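Assemble the whole structure, with the sequences as input and the hints as a guide.
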Amino acid sequence: AQSVTQPDIHITVSEGASLELRCNYSYGATPYLFWYVQSPGQGLQLLLKYFSGDTLVQGIKGFEAEFKRSQSSFNLRKPSVHWSDAAEYFCAVGGRTNAGKSTFGDGTTLTVKP
Amino acid sequence: DAGVIQSPRHEVTEMGQEVTLRCKPISGHDYLFWYRQTMMRGLELLIYFNNNVPIDDSGMPEDRFSAKMPNASFSTLKIQPSEPRDSAVYFCASSLGGRSDEQYFGPGTRLTVT
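Residue numbers (the numbering used here), protein chains in the order written: chain A, 4 to 117; chain B, 705 to 818.
These are calculated hints, taken from the structure and not from any lab test.
Owing to the predicted nature of the structure, the values given are computational and were not obtained by experimental measurement.
Among the hints, a few may not be true.
What the hints assert, rightly or not - According to the in silico footprint, chain A covers these stretches of chain B (three or more CB under 8 Å from chain A):
(1) 747-761
(2) 805-817
Claimed, not checked - Beta-carbon label-pair distances, calculated as ranges:
(3) B/Pro774 - A/Ser83: 42 to 50 Å
(4) B/Arg726 - A/Glu18: 34 to 42 Å
(5) B/Gly801 - A/Gln48: 18 to 26 Å
(6) A/Glu69 - B/Arg789: 37 to 45 Å
(7) A/Ser83 - B/Arg713: 33 to 41 Å
(8) B/Asn756 - A/Pro117: 42 to 50 Å
(9) B/Gln721 - A/Ala20: 47 to 55 Å
(10) A/Glu23 - B/Met743: 22 to 30 Å
(11) B/Gly763 - A/Leu49: 16 to 24 Å
(12) A/Ala32 - B/Arg789: 19 to 27 Å
Glycine included, each C-beta is placed from N, C-alpha and C at the ideal position.
Here it is as structure tokens:
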């Protein structure tokens, strides 16, 4: 069975500081990996995705994530956080063997201090 | 494209009443998902469809919940009778299956059952 673990429920960073959100997954084959962001009162929006190829993927809003197969991880990073990045972030895993369904982690809430 | 459309955006009803939530997926998408989000339980997948056929309804909490997809452009989630513990934000999402599994979420329906 596939699963996703986001170890950090809540993270606080100062504006301008770097950010790393952790994601570990379990999947029996080559995974498709996603990061979504949810701003207050909004639906989830895709930030970036990994299917294959280059293990460092770039997304919208200056985010990037690195797929590390040996560590079963797909951590999200941003070099300099802006106040507007305050939101909840979800990691998800999917793939061809799961009939189109992705499994979501429990989310990490990001607070940005001025 | 207008994205995934959900209606109503807010619904307040009394316990015991029937509630119907509506979703219009993105045109051409062949997967449709219904999620429920609460503070206590996070994001839960209730049911999903492929080509209008329900694939997995194991997340539907109980028989009071039912979902239909009569055609490729419309789906409903019905709760009958509603209970206060059903209060949550309900999201609909759609995706183009196969290689591109990223899901596109609607803005959600905030349901309050008093």
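Range hint 19 to 27 Å (beta carbons of A/Ala32 and B/Arg789) holds or violated: 37 Å, violated
Check your understanding: Has the region 805-817 of chain B got at least three residues whose CB is nearer than 8 Å to a CB belonging to chain A?
Key -> Answer holds; 8 residues pass the 8 Å Cβ test.
Open item on the list: Given a hint of 42 to 50 Å, does the C-beta separation of B/Asn756 and A/Pro117 actually sit inside it?
Closed with: The hinted range 42 to 50 Å holds for B/Asn756 and A/Pro117, with Cβ atoms some 49 Å apart.
Q. Would you say the C-beta atoms of B/Pro774 and A/Ser83 sit inside 42 to 50 Å of each other?
A. At roughly 48 Å between Cβ atoms, A/Ser83 and B/Pro774 fall inside 42 to 50 Å, so the hint holds.
- Item | Supplied distance hint 22 to 30 Å, evaluated on CB atoms of A/Glu23 and B/Met743 | Since the Cβ atoms of A/Glu23 and B/Met743 sit about 25 Å apart, the hinted range of 22 to 30 Å holds.
**Asked** If you check the beta carbons of B/Gly801 and A/Gln48, does the distance land in 18 to 26 Å?
**Response** The hinted range 18 to 26 Å holds for B/Gly801 and A/Gln48, with Cβ atoms some 20 Å apart.
Exercise for the section: Could you say whether the range 47 to 55 Å given as a hint is met by the Cβ separation of B/Gln721 and A/Ala20? Expected result: 48 Å, holds
37 to 45 Å was suggested as the range; check whether the CB atoms of A/Glu69 and B/Arg789 agree with it. 40 Å, holds
Between the region 747-761 of chain B and chain A, see if three or more residues pass the 8 Å beta-carbon test, and mark the coverage as holds or violated. holds (count 6)
How does the Cβ-Cβ distance of B/Gly763 and A/Leu49 compare with 16 to 24 Å: does it lie in that range?
Hint holds: Cβ distance 21 Å, inside 16 to 24 Å.
TODO: Please test the hint of 33 to 41 Å on the beta carbon pair from A/Ser83 and B/Arg713.
DONE: 34 Å, holds
Mind checking the hinted window 34 to 42 Å against the Cβ distance between B/Arg726 and A/Glu18? Because 40 Å falls inside the window, the suggested range holds.
Violated hint for the displayed structure: number 12, the only one.
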